[in-house]
Amino acid sequence: MSEQTEVVTQPEPAPEQRDRTVEQSSRWQQAMRDIVGGSAMISVLAVLLALIAGGILIAVTDARVQQTAGYFFARPGDMLAAIWNAVSKAYLALFRGSIYNFARDDVGSALTSLTDTLVFATPLIAAGLGVGLGFRAGLFNIGGRGQMIMAAAAAGWVGFSFNLPPVIHVIVAVAAGLIAGGIWGGIVGLLKAKTGAHEVIVTIMLNFVALYFLMYMLRTPGLLQAPGGNTPKTPPMEPTAIFPPLFPGHNVHWGFLTAIAATVYVWWLLNRSSMGFQFRAVGINPNAARTAGMSVSSVYIWTMTISGALCGLAGVNQVLGTVTSGFSSGIDAGIGFDAITVALLGRSRPWGIFAAGLLFGAFKAGGFTMQAAAQVPVDIVLVVQSLIVLFIAAPPLVRAIFRLPTPGTAPRRRVRASDRRAEKGAAA
Amino acid sequence: MASPFPHSRCACTRSGRRDAAPRLLVNTRTALLPPPRIGNMKLELRGITKRFGALVANDHISLTVEPGEIHCLLGENGAGKSTLMNVLYGLYQADEGEVLLDGEVQHFSGPGDAMAAGIGMVHQHFMLIPVFTVAENVMLGHEATKTGGVLDLDAAREQVREISARFGFHVDPDALVETLPVGVQQRVEIIKALSRDAKVLVFDEPTAVLTPQETDELMAIMRQLRDAGTSIVFITHKLREVREVADRITVIRLGKVVGEASPEASTTELASMMVGRAVDLSVDKEPPRLGEPVLVVDGLSVADATGQVHVDDVSFEVRAGEVLAIAGVQGNGQTELTEALLGLQPHVKGSITLDGREIVKRGVRKILDAGVGFVPEDRTEDGLVAEFTIAENLMLNRSTGEPFVRFGNLQLGFRDDFAREKTKEFDIRAQGIDSLAGRLSGGNQQKVVLARELSRDLRLLVAAQPTRGLDVGSIEFVHSRIIQTRDAGIPVIVVSTELDEVSALADRIAVMYRGKIVGIVPGDTPREVLGLMMAGETPAGAGEAA
Ligand SMILES: Nc1ncnc2c1ncn2[C@@H]1O[C@H](COP(=O)(O)OP(=O)(O)OP(=O)(O)O)[C@@H](O)[C@H]1O
Ligand SMILES: [Mg+2]
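Heads up: the sequence lines are chains A and B, in that order. With this note's numbering, you'll find the first sequence wraps up at 428, consecutive numbering, no jumps. With this note's numbering, you'll find the second sequence wraps up at 546, consecutive numbering, no jumps.
Treat the hints loosely; a few may be bogus.
[To be verified] The calculated BS3-like cross-link candidates involving lysine-lysine, where the alpha carbons are at most 27 Å apart (straight line), are:
| # | chain 1 | residue 1 | chain 2 | residue 2 |
| --- | --- | --- | --- | --- |
| 1 | B | Lys256 | B | Lys516 |
| 2 | B | Lys42 | B | Lys256 |
| 3 | A | Lys194 | B | Lys42 |
| 4 | B | Lys361 | B | Lys42 |
| 5 | B | Lys349 | B | Lys516 |
| 6 | B | Lys361 | A | Lys194 |
| 7 | B | Lys366 | A | Lys194 |
[To be verified] Some chain B residues close to chain A (C-beta under 8 Å, calculated; not the full set):
| # | residue |
| --- | --- |
| 8 | Leu344 |
| 9 | Val364 |
| 10 | Leu368 |
| 11 | Gly371 |
| 12 | Phe374 |
| 13 | Asp382 |
| 14 | Gly383 |
| 15 | Thr389 |
| 16 | Leu396 |
| 17 | Asn397 |
| 18 | Glu402 |
| 19 | Val405 |
| 20 | Gly408 |
| 21 | Asn409 |
| 22 | Leu410 |
To be clear, the hints were calculated from the coordinates, so they are not data collected in a lab. Beta carbons are placed, not taken as given, at the ideal position from N, Cα and C, and that holds for glycine.
Given the sequences, and given the hints that come with them, work out the whole structure.
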């Protein structure tokens with residue numbers, strides 16, 4: 001002890017760039033982990049809060065409520081009744097459109113609402129799994145749109161231009177879509193691994209590339225444009241390439257089974273496979289993963305490839321299940337972005353995403369009924385969806401921006417690079 | 001070697017030094033002034049019980065800290081010391097028992113209440129905001145405002161200056177916290193607590209990552225605070241520090257108070273009280289039976305992305321059956337050197353051969369497979385995945401092949417059996433193998449890393465700060481495992497900033513200074529000589545000067 005005290009050293013302070021960048025990114029990764037790693041309880045509460053906020057919006061925009069507010073102090077009961085009326089009518093319509101239409105006579109057609117929900121949910125689940133898988137490896141894939149478009153183009157092309165036996169045709173078309181989506185996602189992983197390009201920037205760029213590429217193909221006879229037509233639209237799919245319906249008389253098709261299969265696959269991948277073990281390790285602590293001999297680059301490449309293929313499955317479902325009469329450039333229908341919300345709400349857990357996808361499918365299916373039956377604009381559903389994201393994502397982001405410590409975590413000391421550097425400075 | 005007994009040197013000089021005025025320039029002047037009283041408060045914990053599920057982390061703990069006393073808490077890893085302090089600070093709610101200040105029962109629902117009542121805590125992990133200045137951090141949470149809601153930063157600055165002057169801290173109120181060394185950041189934490197009029201101060205393992213100089217300065221500060229009437233709770237695993245500053249010592253084992261120890265007790269007595277059995281703090285080792293050189297490092301240089309050289313033309317070899325210790329003040333290139341051995345550093349020149357095969361640029365995976373065991377210096381950053389379970393962390397660097405993985409599938413049964421066996425063998429205290437590594441006490445986290453590395457087929461073991469944060473019993477265990485590894489014919493490199501550890505383990509000592517090895521000397525080189533070498537003296541020059 002006493003001997004060491006006399007030691008005075010003067011190594012010059014050295015900037016440690018490598019470690020600085022690691023520190024920078026780990027702060028955001030911590031935020032991302034907080035966002036996706038919270039409990040299911042937070043998800044449920046976020047949905048409830050968002051529905052309440054949506055209810056308030058429905059109430060204040062309702063004409064009758066506004067009218068009764070004018071004489072609120074004279075007859076408060078009128079306004080309360082009006083609020084109850086407006087909100088309950090809207091949410092009942094939402095329920096009728098998405099789960100069980102009790103206005104119908106027989107159970108079969110009453111359940112059409114539920115099967116519609118499943119149809120809407122299918123691509124949301126698939127793309128949500130893609131985005132969620134990315135989150136688990138610490139990657140933010142907002143390129144679902146581009147990956148869906150490329151997959152839809154590939155599957156669609158196989159679907160309308162080939163003549164194959166029934167089952168085989170579907171399989172080939174699906175495979176083509178998965179491969180196209182996987183390549184489109186894999187490019188992002190490759191660029192990130194080799195050049196350090198941030199996946200958010202690259203995926204946004206590739207979304208545009210994919211969109212304009214699709215528009216070009218839709219205008220070029222011999223590529224995707226329907227022969228003889230001069231609108232940017234493809235010919236309809238061959239019947240052999242279309243997902244057969246699950247129940248006669250309902251819209252829900254075999255695509256829903258692919259969503260279930262994808263959920264099981266992602267569950268296995270993340271929880272039972274060596275590859276998923278590495279994905280998760282890299283997602284939580286890339287430094288420790290690297291020290292444990294994992295190749296962070298190949299984890300990035302594989303994650304983005306599989307994530308792209310899952311988003312691709314959403315695109316495939318669109319062209320082989322939902323819009324089989326030929327598609328145009330709006331084929332992604334914003335699902336690539338909704339998938340982010342679904343993944344967040346599902347906490348990036350496969351079955352959580354499945355449940356969140358069903359909920360969002362229900363919002364979509366019920367939103368139209370709500371507009372038609374209760375004259376509540378379908379945008380309320382968008383507001384509710386956005387509020388869900390806000391309630392889930394905002395607190396960790398605020399903490400990350402201001403570098404606040406996460407509440408409730410055990411105090412933990414890190415000998416950071418900056419400490420080490422500073423120590424050198426102190427000794428000087 | 002003066003003594004293989006890690007703490008004996010201080011033990012024999014202790015009584016002479018304990019009452020001596022602090023020898024640090026910073027504090028001598030103020031130490032002569034009569035200490036201003038900053039308030040007295042008696043702290044009492046009565047029957048505190050805290051459970052985590054089935055685990056009882058604190059079992060009816062009672063403790064009294066008188067004003068003007070430094071009360072040391074001793075206990076093994078996972079004994080429940082940090083938990084008890086978190087209860088005191090309002091971070092956890094006790095299941096039973098109460099906290100009393102000056103005889104009054106307190107109800108803290110969060111750290112805010114505890115702070116308001118006069119309790120300050122210097123955490124293992126500082127709770128400062130790096131991008132704020134010292135003054136801003138100090139005022140954070142109880143911001144004073146001038147008329148119109150403008151922050152009164154001047155008042156905060158003045159407060160920082162005033163407290164700094166009182167204790168001789170030399171802290172610039174306008175410095176950005178992230179640019180300050182750890183030792184100074186810790187002082188900012190202390191200022192922050194004092195600015196809120198803390199009368200009870202808790203230090204939870206504050207010295208684990210300080211340099212020896214910073215440790216001495218901190219202890220001088222603690223004495224000053226005590227003399228000014230502050231009640232201090234001090235948690236550390238370094239018995240030398242306990243003997244130097246403690247007025248009273250309470251020992252906790254498995255969540256229970258097992259008794260008080262006298263500050264006059266010897267380190268051996270303290271150690272055996274903590275662990276509940278006799279602890280042999282010396283390391284028994286035979287003279288090394290040297291074999292062939294296994295690792296040969298030749299002309300190795302490591303630079304970072306900016307071209308700054310951290311390791312400068314270093315050459316050495318390690319033979320089978322020996323421990324080479326790398327000593328030096330932290331930040332002289334040891335981290336970069338060990339990382340280069342594992343292939344973690346991208347800009348490397350020179351050659352490293354293991355068993356005659358070049359391993360530079362072979363990639364971490366291949367180097368691990370070649371049999372290099374690696375205990376990283378910073379376990380939370382590089383050694384563990386905090387949100388993985390113990391079982392998952394134990395297979396972290398074997399996630400690609402047999403026996404943990406077969407046909408791409410994790411072998412969960414094998415993994416769990418392995419984890420159960422290793423938690424037993426290495427005495428990892430946790431609720432079970434499914435506990436998250438991030439929830440373990442610091443020492444138990446370190447044991448997870450060691451268990452993982454020592455249960456592979458090794459050709460070389462590289463251990464950086466292998467006992468940081470461990471209790472004496474675990475240090476004894478780890479040291480004996482390292483010596484066993486050596487005796488099994490495996491060369492070992494130990495990087496340590498603790499001279500006690502270096503002397504206890506090393507057969508040869510390489511001292512690093514500014515990225516170079518200033519000399520490689522025998523393991524029994526006197527500490528005076530090592531000290532001078534760590535300041536850059538050549539072995540010959542150091543030998544003469546000492
Ligand atoms: N938040 C938590 N959830 C579950 N278990 C916990 C939690 N915090 C602590 N524990 C457990 O409580 C026990 C006591 O932990 P604590 O951190 O208080 O030990 P300690 O005495 O400070 O040890 P060390 O010297 O290693 O820091 C440990 O077994 C630990 O795993
Ligand atoms: Mg502790």
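Original post:
Hints broken by the structure, by number, lowest first?
Top reply: 1, 3, 4, 11, 15 and 18
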